[in-house]
Amino acid sequence: MEPALPDVTRRQFITLTGSALAGTVLAASAPATVAAQAGARKTASKTPKKGGTLKVAIIGEPPGLDPGFTTATITATTMWHVFEGLFTPGSRYEPIPYLAERYDVNQQGTRFVLHLRKGVPFHNDQEFTAADAAASLKRWGVVAGRGRMIFGRVDKVEETDRYTVTVTFKEPTGLLPEFLAQAEAIMLPKEIADQVGKNRLTAEMAIGTGPYKLVEHKVDRHLRLQRWAKYAPREEPANGMGGKRVAYFDELMFIPVPEASVRADGVTTGEYHFADPLEPDQYPNLKDSPGIEALVIKPGFQVGPHFNKKQGLFTDVRLRRAALHAVDLEQIMIAGFGRKDFFRLGPEMAAPETQWYSDVGKEMYEYNPEKAKKLLQEAGYKGEPIRWLATKEPFFNYNMGLSFKDQLEKVGFKIDLQVMDWATLVSIRGKPEQQEVFITGHATWVHPVLQPYLDGTWPGWWTAEKKNQLVSQMLAEPNPEKQQVLVRELQQFQWEDMPWLRCGEYFGLRAIRQEVVGYENPPNWYFWNCGFAT
Amino acid sequence: MLTYTVHRLVLMLPVALVVSTIVFLLLYLTPGDPVGVMLGPDATEQQKSELRVRLGLDQPAHVQLLRWYGRLVQGDLGTSIFLHKKVTLAFLERLEPTLMLTLLALTCGVLIGLPAGILAAKMHGSWFDMVAMLTAITGVSMPTFWIGLNLIFIFAVTLGWLPVAGYQPLSRGVWEHLRYMLMPAFTIGLAQSALLARMTRSMMLDVLSQDYIRTARAKGQAELWILSRHALRNAIIPLITTIGLSFALLLGGAVISEQIFNIPGVGRLLIQGVSRRDYPLVQGVLLIIAAVYMCVNLLVDLTYALLDPRIRHSD
Numbered sequence: 006m007e008p009a010l011p012d013v014t015r016r017q018f019i020t021l022t023g024s025a026l027a028g029t030v031l032a033a034s035a036p037a038t039v040a041a042q043a044g045a046r047k048t049a050s051k052t053p054k055k056g057g058t059l060k061v062a063i064i065g066e067p068p069g070l071d072p073g074f075t076t077a078t079i080t081a082t083t084m085w086h087v088f089e090g091l092f093t094p095g096s097r098y099e100p101i102p103y104l105a106e107r108y109d110v111n112q113q114g115t116r117f118v119l120h121l122r123k124g125v126p127f128h129n130d131q132e133f134t135a136a137d138a139a140a141s142l143k144r145w146g147v148v149a150g151r152g153r154m155i156f157g158r159v160d161k162v163e164e165t166d167r168y169t170v171t172v173t174f175k176e177p178t179g180l181l182p183e184f185l186a187q188a189e190a191i192m193l194p195k196e197i198a199d200q201v202g203k204n205r206l207t208a209e210m211a212i213g214t215g216p217y218k219l220v221e222h223k224v225d226r227h228l229r230l231q232r233w234a235k236y237a238p239r240e241e242p243a244n245g246m247g248g249k250r251v252a253y254f255d256e257l258m259f260i261p262v263p264e265a266s267v268r269a270d271g272v273t274t275g276e277y278h279f280a281d282p283l284e285p286d287q288y289p290n291l292k293d294s295p296g297i298e299a300l301v302i303k304p305g306f307q308v309g310p311h312f313n314k315k316q317g318l319f320t321d322v323r324l325r326r327a328a329l330h331a332v333d334l335e336q337i338m339i340a341g342f343g344r345k346d347f348f349r350l351g352p353e354m355a356a357p358e359t360q361w362y363s364d365v366g367k368e369m370y371e372y373n374p375e376k377a378k379k380l381l382q383e384a385g386y387k388g389e390p391i392r393w394l395a396t397k398e399p400f401f402n403y404n405m406g407l408s409f410k411d412q413l414e415k416v417g418f419k420i421d422l423q424v425m426d427w428a429t430l431v432s433i434r435g436k437p438e439q440q441e442v443f444i445t446g447h448a449t450w451v452h453p454v455l456q457p458y459l460d461g462t463w464p465g466w467w468t469a470e471k472k473n474q475l476v477s478q479m480l481a482e483p484n485p486e487k488q489q490v491l492v493r494e495l496q497q498f499q500w501e502d503m504p505w506l507r508c509g510e511y512f513g514l515r516a517i518r519q520e521v522v523g524y525e526n527p528p529n530w531y532f533w534n535c536g537f538a539t
Numbered sequence: 003m004l005t006y007t008v009h010r011l012v013l014m015l016p017v018a019l020v021v022s023t024i025v026f027l028l029l030y031l032t033p034g035d036p037v038g039v040m041l042g043p044d045a046t047e048q049q050k051s052e053l054r055v056r057l058g059l060d061q062p063a064h065v066q067l068l069r070w071y072g073r074l075v076q077g078d079l080g081t082s083i084f085l086h087k088k089v090t091l092a093f094l095e096r097l098e099p100t101l102m103l104t105l106l107a108l109t110c111g112v113l114i115g116l117p118a119g120i121l122a123a124k125m126h127g128s129w130f131d132m133v134a135m136l137t138a139i140t141g142v143s144m145p146t147f148w149i150g151l152n153l154i155f156i157f158a159v160t161l162g163w164l165p166v167a168g169y170q171p172l173s174r175g176v177w178e179h180l181r182y183m184l185m186p187a188f189t190i191g192l193a194q195s196a197l198l199a200r201m202t203r204s205m206m207l208d209v210l211s212q213d214y215i216r217t218a219r220a221k222g223q224a225e226l227w228i229l230s231r232h233a234l235r236n237a238i239i240p241l242i243t244t245i246g247l248s249f250a251l252l253l254g255g256a257v258i259s260e261q262i263f264n265i266p267g268v269g270r271l272l273i274q275g276v277s278r279r280d281y282p283l284v285q286g287v288l289l290i291i292a293a294v295y296m297c298v299n300l301l302v303d304l305t306y307a308l309l310d311p312r313i314r315h316s317d
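For the protein sequence lines, the chains are A and B, in the order given.
All the letters of the first sequence, read from the start, carry residue numbers 6 to 539 under this note's numbering.
All the letters of the second sequence, read from the start, carry residue numbers 3 to 317 under this note's numbering.
Calculated directly from the structure, the hints in this document are not laboratory data.
Hints may contain errors.
Pairwise CB distance ranges (calculated) [stated by the list, open to error]: (1) A:D411 <-> B:G77: 24 to 34 Å; (2) A:G56 <-> B:N152: 33 to 43 Å; (3) A:G56 <-> B:V65: 54 to 64 Å; (4) A:V424 <-> B:R10: 55 to 65 Å; (5) B:L15 <-> A:E132: 25 to 35 Å; (6) A:L422 <-> B:V65: 53 to 63 Å; (7) A:P126 <-> B:L91: 43 to 53 Å; (8) A:E358 <-> B:R181: 24 to 34 Å; (9) A:V424 <-> B:L251: 20 to 30 Å; (10) B:R73 <-> A:R167: 25 to 35 Å; (11) B:G58 <-> A:Q474: 48 to 58 Å.
Glycine is no exception: its CB is placed at the ideal position from the N, C-alpha and C atoms.
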């Protein structure tokens, strides 16, 4: 998943760029370290009380209320208080049953029997049953990208009884729970799932089983959720996003605030209780503000340039490797994020906090401009301009692009840095005849097979046969240990084939009022199991 | 007068048509489409092309343009792709914040700008004149976002007197409404007052040097009477134009202030429409704004006649 991107005005770009530059200067003089702030909060263990309205300043208006329809992170994070799935990520980001009580899978990974929890009501008071689950799965299979991928392998989905659904595959698909733990695999009442099909859910259709129900949506003003009094949580202790979910707040108010500085000021003055995302250069001020905590988010997003492997210069792997050896990745990340505390370098496809972490492939990276020059010569590169798409939303994209341009041109590349707004970039990056490179980021806390760039039709067009084989094996494999081996192989091959240049992983910044307790600071926020201090 | 008004109203139609066509072409020539924004960053190309077909975005430009004209003739400005509601309704929902911001900002601008300009002209060459004009030049030169962010820092973060940002409608109470609107209104009003002060001073200096002012003074009339009754009335015509155009401009959305102060007004609606490539929304809202602009222009012209009997439009 890539970071959700804001609706940003030209003026905001200027402000953000100015802030980023200022941040670079500030970073050099700021003595504070953020390491102690990352991860669990100081106040995380206090017991919350029930009641109150949590006001959350978010980056912008979500592009919809339907996590099945859009992959935008802001839709997922706001609406998973309303919608739930059969599975959810646990504390190590592994899939654990949620609306499913448990599941059985055969040895070949071709047949999953999903046993559903009983007595779980939707927000319309109907009980969640196998009919709803089957209809929701089928809808997921036509509307969501990953759902379509899985349903390409599905033979049939059957309601075995009122609380059991059986999914039979044409080929082994052991990785089904990983996919069902993603935000887009939501469970809806059957009639809504059937009715909405490929379309977007409207506010009236936002009926889930979650701890909060949608009560009001005023576009660009707020999204108001209210505690669902009949919510049926699991009994186990909380485990990541799973286990027992307790809604302490009476209401959650998500308020789109496009300006990062206003989000930060708002949480400082108590106008909001939580603000996300903020910029690294705001950290020195925030950490000294009374009554709030500045939280660095780990794991974060891995970021780097994706090469066009469908046509043009970078179809030659030697040029992709030349780009790798031509740049000092630390300098690139500093250019992007200002402070060393806000990123880490490494070859991993998944963060060290996850079960899929591995450092294989690390030997492939070597900052060696001479080697880069040699590779350029071998590839017969003659200074043809490389169209590099850049944007100032988010701010780091352009800053990293500038540093890349500077370093790559020193070894002989010629970079045509084209700056545009996000909507334009998204459009052009999908046209192989119009670009050679663009930078983007991807979550590090998901199973590597879920990375969008593994799809051969995703811009960048990585269609290598070995990659396809490994992905196919991973999708099929139900055994976690064998999965791990396959992840390592894929990671190794990624560094050999260089479909993109993973520069590193950056950490976001957010701020929370100290009166909010129990909040654990996961990569993507959620507000059950936390509340106002007693 | 009536013929003139009707003539001006009829002329507005082709202007609106030209404006809408230019806006359509500009949007069409801009790369990007709403599909990428709606479906999110990880959407596949197949998903995007399917949605394009469903929204009719795969049709050639002239087909889309003709369809839009067809709806326009029926009084339908179209439906926002992103908001899933009629453009007219979306505009009306955002009108209150923008209208209130415009009125408050202009009030602020007139209350500061006019007296400052009149006094500066009256005390031409004095320290007050210099300070007022220096302040005015500074006011015009300072970017709105910079003024806004500083006001937030001083009055919200440091002093805690006013909320950082947001909007409360009038229905929540006048004071609650004003608490949220004071800073944005002042931010815009300051720039407007600077402009008005400079114009007022310049116009008043012209008028104050006229013979009839000297005659009035020779007659022993009070200075306040001379300034308000004789000088200001003659100097005010260009000021009315400026205030009228500012009103129209701000009604089109004080984009930056609305963005910084998180006011869900027309400006923010428009700018987000552009970044989301919500074609029907941008086209519809710009057409409304163009119409408002033309109407205000007409009203300003008609006001001239009321203020200055020498001006008649019957010819």
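Results of checking the hints against the structure:
For the pair A:D411 and B:G77, the supplied restraint of 24 to 34 Å is violated, since their beta-carbon distance comes to about 56 Å. For A:G56 and B:N152, the Cβ-Cβ distance of about 37 Å falls inside the hinted range of 33 to 43 Å, so the restraint holds. At roughly 56 Å, the beta-carbon separation of A:G56 and B:V65 lies within the given 54 to 64 Å, and the hint holds. Take A:V424 and B:R10: their Cβ atoms lie about 43 Å apart, and the range 55 to 65 Å is violated.
The given range of 25 to 35 Å is broken by B:L15 and A:E132, whose C-beta atoms sit roughly 59 Å from each other. For A:L422 paired with B:V65, a C-beta distance near 36 Å fails the hint of 53 to 63 Å. A beta carbon spacing of about 34 Å between A:P126 and B:L91 contradicts the range 43 to 53 Å that was offered as a hint. Distance hint for A:E358 and B:R181: a CB-CB separation of about 43 Å, inconsistent with the stated range 24 to 34 Å.
The hinted window of 20 to 30 Å between A:V424 and B:L251 holds, with their beta carbons roughly 28 Å apart. About 48 Å separates the C-beta atoms of B:R73 and A:R167, a value inconsistent with the hinted range of 25 to 35 Å. The given range of 48 to 58 Å is broken by B:G58 and A:Q474, whose C-beta atoms sit roughly 40 Å from each other.
The earlier numbered hints that this structure contradicts are 1, 4, 5, 6, 7, 8, 10 and 11.
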